[in-house]
Amino acid sequence: MRRKYYSMETSGKEASIMIYGEITSWPWLESDVSSYNLSKIVEGLDVDTIHVYMNSPGGEVAEGIAIYNALKRHRAKVVTYADGFVCSIAATIFAAGDERVMYDTSLLMIHNAWSRAAGNAEELRKLADDLETINETSKTALLSIVNIGEDELQKMLDNETWIPAAEALEKGFATRIGTLEPSEKVSANANAAIYNRLMGAVDLSAVMREIGAVKEYIKAISANKPQEKPKNDNFWNAFSRKGN
Numbered sequence: 001m002r003r004k005y006y007s008m009e010t011s012g013k014e015a016s017i018m019i020y021g022e023i024t025s026w027p028w029l030e031s032d033v034s035s036y037n038l039s040k041i042v043e044g045l046d047v048d049t050i051h052v053y054m055n056s057p058g059g060e061v062a063e064g065i066a067i068y069n070a071l072k073r074h075r076a077k078v079v080t081y082a083d084g085f086v087c088s089i090a091a092t093i094f095a096a097g098d099e100r101v102m103y104d105t106s107l108l109m110i111h112n113a114w115s116r117a118a119g120n121a122e123e124l125r126k127l128a129d130d131l132e133t134i135n136e137t138s139k140t141a142l143l144s145i146v147n148i149g150e151d152e153l154q155k156m157l158d159n160e161t162w163i164p165a166a167e168a169l170e171k172g173f174a175t176r177i178g179t180l181e182p183s184e185k186v187s188a189n190a191n192a193a194i195y196n197r198l199m200g201a202v203d204l205s206a207v208m209r210e211i212g213a214v215k216e217y218i219k220a221i222s223a224n225k226p227q228e229k230p231k232n233d234n235f236w237n238a239f240s241r242k243g244n
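Number 211 in the numbering used here belongs to position 211 of the sequence shown; there are no gaps in the numbering.
Hints may be right or wrong, so weigh each one.
[What the hints assert, rightly or not] Under the rule of at most 27 Å between Cα atoms (straight-line distance), these lysine-lysine pairs were calculated in the DSSO-like manner:
| no. | residue 1 | residue 2 |
| --- | --- | --- |
| 1 | K40 | K72 |
| 2 | K126 | K72 |
| 3 | K126 | K139 |
| 4 | K13 | K77 |
| 5 | K40 | K155 |
| 6 | K72 | K13 |
| 7 | K139 | K155 |
| 8 | K171 | K139 |
| 9 | K13 | K40 |
| 10 | K171 | K77 |
| 11 | K40 | K77 |
| 12 | K155 | K171 |
| 13 | K126 | K155 |
| 14 | K72 | K171 |
| 15 | K139 | K77 |
Hints were generated in silico from the structure; no laboratory data involved.
Quick caveat: nothing in here was measured; it's all calculated off a predicted structure.
All chains, please: the whole structure from these sequences, using the hints.
This is how it looks when you write it as structure tokens:
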């Protein structure tokens, strides 16, 4: 049975939805998200707040627009979070948030709609016109939140622009830059706890030294200047707990 990427906290009348994969009409991988599945989930939520956590390369425009409209249509307050890279049509879904949260370590990416094509000259001209029309749907959603003009936004779309948190806040794509502080809620904090424990066991400076040694060894071998091979034990010892 395919896992559903949402959970609802009945005590707080809040729901959490994860979009951690490609947005597609043919969900195949566990992380794939379709508008049909997600829209049904959103419609059935009797909550006051919907949190949407995102890390997505984007996908099909029609699917993304349907998810955007489903979120906008719901009576609940919608808070979207850019947990990693939120790209292409996923950035349009991000725009559905009444609050839009980015982090110093997250990025948005926007660009014009594109497609593959084959056909005669008239068919290709029509496709170009169709793409411009399709592109207006995402641009309309983005224009509803940004504080920049249409010409500047179009230039960003033309240039396939990556947008860091500070710029996103300045231009209105985001409403705030979040802090990655641990939550008291176990369901929201489990991954962070595991990550922090792992990172606490790593001597990063030692890891970087060993990576440098491996690079130098490869460089020497490529130049036919044999040298002593780095010991694997040195590298893995860098992952022993700090101070031990």
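Exercise. Which of the listed hints are not met by the structure?
Worked result: 2, 5
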